[in-house]
Each structure stands twice: as C-alpha cells, then as structure tokens.
Amino acid sequence: MAKNIGLSVSEPEELCDDANCPFHGTLPVRGQVITGKVVSDRMMETVVVERKYLHYVGKYNRYEKRNSRIHAHNPPCINAKTGDIVKIAECRPLSKTTKFVVVEVARS
493 MAKNIGLSVS
503 EPEELCDDAN
513 CPFHGTLPVR
523 GQVITGKVVS
533 DRMMETVVVE
543 RKYLHYVGKY
553 NRYEKRNSRI
563 HAHNPPCINA
573 KTGDIVKIAE
583 CRPLSKTTKF
593 VVVEVARS
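Just so you know, this note's numbering puts 593 at position 101 of the sequence shown, and the rest follows in order with no gaps.
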C-alpha cells in the first residue's frame, strides 16, 4: 500500500524498503514538478534527467533552445531507465547535487 504524496501521479506497482521513497518511505515532496528525459542511469539509485526549454532573447526578438540536467533519486519501486520520460518532484536535499526524486515514469 503506497501513501498519497499529494500529486496526481500513478502509484508504483512494486513495493520497496527505501527510506528516500516518497511512496513507501518518509521523504516529503514539495515545490516544482518537472517532466524530462532520463539521459543517464549509471549512478546507484540516481538518474540524470534532461529538461529542454525555450528562453526568450529580447534583443533579437526570438527564442533560443536551452537544456538543463537535473540529478534525481530513483527509488527501486520506480526504477527508471535511460530513454524514459519521467516526472520528477522537488524534495529536501539528499546529497550535494540531488534535490529531486522520480515520482512517475510517463512513458518508456
């Protein structure tokens, strides 16, 4: 039985005993919810999510493409892989660079 985390996301089918899982552990989520693509899953229980966006440049009256890479905790019950489109939510800092957690795999 997974607990309600306050977001409209589907609960994972698997169970896990990870303390940093928002569904089965004690990690609260708050703040930003971002959708992006997993570009690396080579770290232990951490993935790198790339988010593409447009930035307006007023001088040229146009938009430029930009991207940002965000480290996110990957709980064992979700287990996102490279190439998956995931939804990540902001949480407390888990390490020096990890401040988000994967809450849903939108599509693989």
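Rather than coming from a laboratory, the hints here were simulated on the basis of the structure. Incorrect hints may appear among the rest.
With beta-carbon atoms standing in for the labels, derived distance ranges [claimed, not checked]: (1) 598 - 518: 23 to 31 angstroms; (2) 506 - 554: 41 to 49 angstroms; (3) 550 - 509: 48 to 56 angstroms; (4) 575 - 495: 25 to 33 angstroms; (5) 552 - 522: 21 to 29 angstroms; (6) 517 - 548: 33 to 41 angstroms; (7) 527 - 556: 38 to 46 angstroms; (8) 598 - 537: 34 to 42 angstroms; (9) 560 - 584: 29 to 37 angstroms.
Straight-line alpha carbon distances no greater than 20 angstroms define the calculated EDC-like cross-link-like pairs of lysine to aspartate or glutamate that follow [stated by the list, open to error]: (10) 544 - 510; (11) 579 - 542; (12) 588 - 537; (13) 588 - 556; (14) 579 - 596; (15) 544 - 505; (16) 591 - 533; (17) 557 - 503; (18) 529 - 582; (19) 529 - 596; (20) 544 - 596; (21) 495 - 510; (22) 588 - 542; (23) 495 - 509; (24) 579 - 510; (25) 573 - 505; (26) 557 - 533; (27) 529 - 542; (28) 495 - 596; (29) 588 - 503; (30) 591 - 506; (31) 495 - 582; (32) 588 - 576; (33) 544 - 556; (34) 573 - 533; (35) 591 - 542; (36) 579 - 503; (37) 573 - 503; (38) 591 - 556; (39) 557 - 596; (40) 573 - 556.
All residues carry an ideal CB built from backbone N, CA and C; glycine is no exception.
Do the hints match the structure? See the list:
1. In this structure the supplied range 23 to 31 angstroms holds for residue 598 paired with residue 518, their Cβ-Cβ distance being about 25 angstroms.
2. Here the CB-CB span from residue 506 to residue 554 is close to 46 angstroms, well matched to the stated 41 to 49 angstroms.
3. As the Cβ distance of residue 550 to residue 509 is approximately 51 angstroms, the hint placing it in 48 to 56 angstroms holds.
4. Here the CB-CB span from residue 575 to residue 495 is close to 29 angstroms, well matched to the stated 25 to 33 angstroms.
5. About 37 angstroms separates the C-beta atoms of residue 552 and residue 522, a value inconsistent with the hinted range of 21 to 29 angstroms.
6. Under the hint 33 to 41 angstroms, the C-beta atoms of residue 517 and residue 548, about 40 angstroms apart, fit the expected range.
7. Take residue 527 and residue 556: their Cβ atoms lie about 20 angstroms apart, and the range 38 to 46 angstroms is violated.
8. Between residue 598 and residue 537 the C-beta distance comes to about 20 angstroms, which lies outside the given range of 34 to 42 angstroms.
9. Checked against the hint of 29 to 37 angstroms, the C-beta distance between residue 560 and residue 584 comes to roughly 20 angstroms, which is inconsistent with it.
10. Restraint check: the Cα-Cα separation between residue 544 and residue 510 comes to about 30 angstroms, which exceeds 20 angstroms; the hinted pair is violated.
11. Proposed proximity of residue 579 and residue 542 is supported: the alpha carbons are some 11 angstroms apart, at most 20 angstroms.
12. Restraint check: the Cα-Cα separation between residue 588 and residue 537 comes to about 15 angstroms, which is no more than 20 angstroms; the hinted pair holds.
13. The hinted pair formed by residue 588 and residue 556 fails the criterion: a straight-line CA distance of about 30 angstroms is larger than 20 angstroms.
14. Taking the CA atoms of residue 579 and residue 596, the gap is near 5 angstroms; set against the 20 angstroms cutoff, the hint holds.
15. Pair hint residue 544 plus residue 505 does not hold up; C-alpha atoms about 29 angstroms apart against a cutoff of 20 angstroms.
16. The suggested pairing of residue 591 with residue 533 holds, with an alpha-carbon distance near 16 angstroms, which does not exceed 20 angstroms.
17. Restraint check: the Cα-Cα separation between residue 557 and residue 503 comes to about 33 angstroms, which exceeds 20 angstroms; the hinted pair is violated.
18. Proximity of residue 529 to residue 582 is assessed by CA-CA distance (about 16 angstroms); at most 20 angstroms being required, the pair is judged to hold.
19. With a C-alpha separation of about 12 angstroms, the suggested pairing of residue 529 with residue 596 holds against the 20 angstroms cut-off.
20. Between residue 544 and residue 596 the alpha-carbon distance is near 18 angstroms, which keeps this suggested pair within the 20 angstroms criterion.
21. At roughly 14 angstroms between alpha-carbon atoms, residue 495 and residue 510 fall within 20 angstroms of each other, so this suggested pair holds.
22. For the hint linking residue 588 to residue 542, the alpha-carbon distance of about 18 angstroms falls within 20 angstroms, and the restraint holds.
23. Proximity of residue 495 to residue 509 is assessed by CA-CA distance (about 13 angstroms); at most 20 angstroms being required, the pair is judged to hold.
24. About 19 angstroms separates the Cα atoms of residue 579 and residue 510, which keeps this hinted pair within 20 angstroms; it holds.
25. Of the pairs offered as hints, the one joining residue 573 and residue 505 holds, with about 16 angstroms between alpha carbons and a cut-off of 20 angstroms not exceeded.
26. With a C-alpha separation of about 24 angstroms, the suggested pair residue 557 and residue 533 falls outside the 20 angstroms cut-off, and the hint is violated.
27. At roughly 5 angstroms between alpha-carbon atoms, residue 529 and residue 542 fall within 20 angstroms of each other, so this suggested pair holds.
28. Straight-line distance between C-alpha atoms of residue 495 and residue 596 comes to about 14 angstroms, which keeps the hinted pair within the 20 angstroms bound.
29. Taken as a hint, the residue 588 and residue 503 pair is broken in the structure, with Cα atoms around 28 angstroms apart against an allowance of 20 angstroms.
30. Distance hint between residue 591 and residue 506 is unfulfilled; the C-alpha atoms sit about 23 angstroms from each other, more than 20 angstroms.
31. About 17 angstroms separates the Cα atoms of residue 495 and residue 582, which keeps this hinted pair within 20 angstroms; it holds.
32. In summary, the hint linking residue 588 to residue 576 is not supported, as the alpha carbons are separated by about 24 angstroms, beyond the 20 angstroms threshold.
33. The hinted pair formed by residue 544 and residue 556 meets the criterion: a straight-line CA distance of about 11 angstroms does not exceed 20 angstroms.
34. For the proposed pair residue 573 and residue 533, the alpha carbon gap of about 6 angstroms is at most 20 angstroms, so the pair holds.
35. Pair hint residue 591 plus residue 542 holds up; C-alpha atoms about 14 angstroms apart against a cutoff of 20 angstroms.
36. With a CA separation close to 12 angstroms, the supplied pair residue 579 and residue 503 stays within the 20 angstroms bound.
37. For the proposed pair residue 573 and residue 503, the alpha carbon gap of about 18 angstroms is at most 20 angstroms, so the pair holds.
38. For the suggested pair residue 591 and residue 556, the alpha carbons sit about 27 angstroms apart, so the restraint of at most 20 angstroms is broken.
39. Distance check on the hinted pair: residue 557 and residue 596 sit about 26 angstroms apart at the alpha-carbon level, beyond 20 angstroms; violated.
40. Annotation: proposed proximity of residue 573 to residue 556 is violated, straight-line Cα distance about 29 angstroms (limit 20 angstroms).
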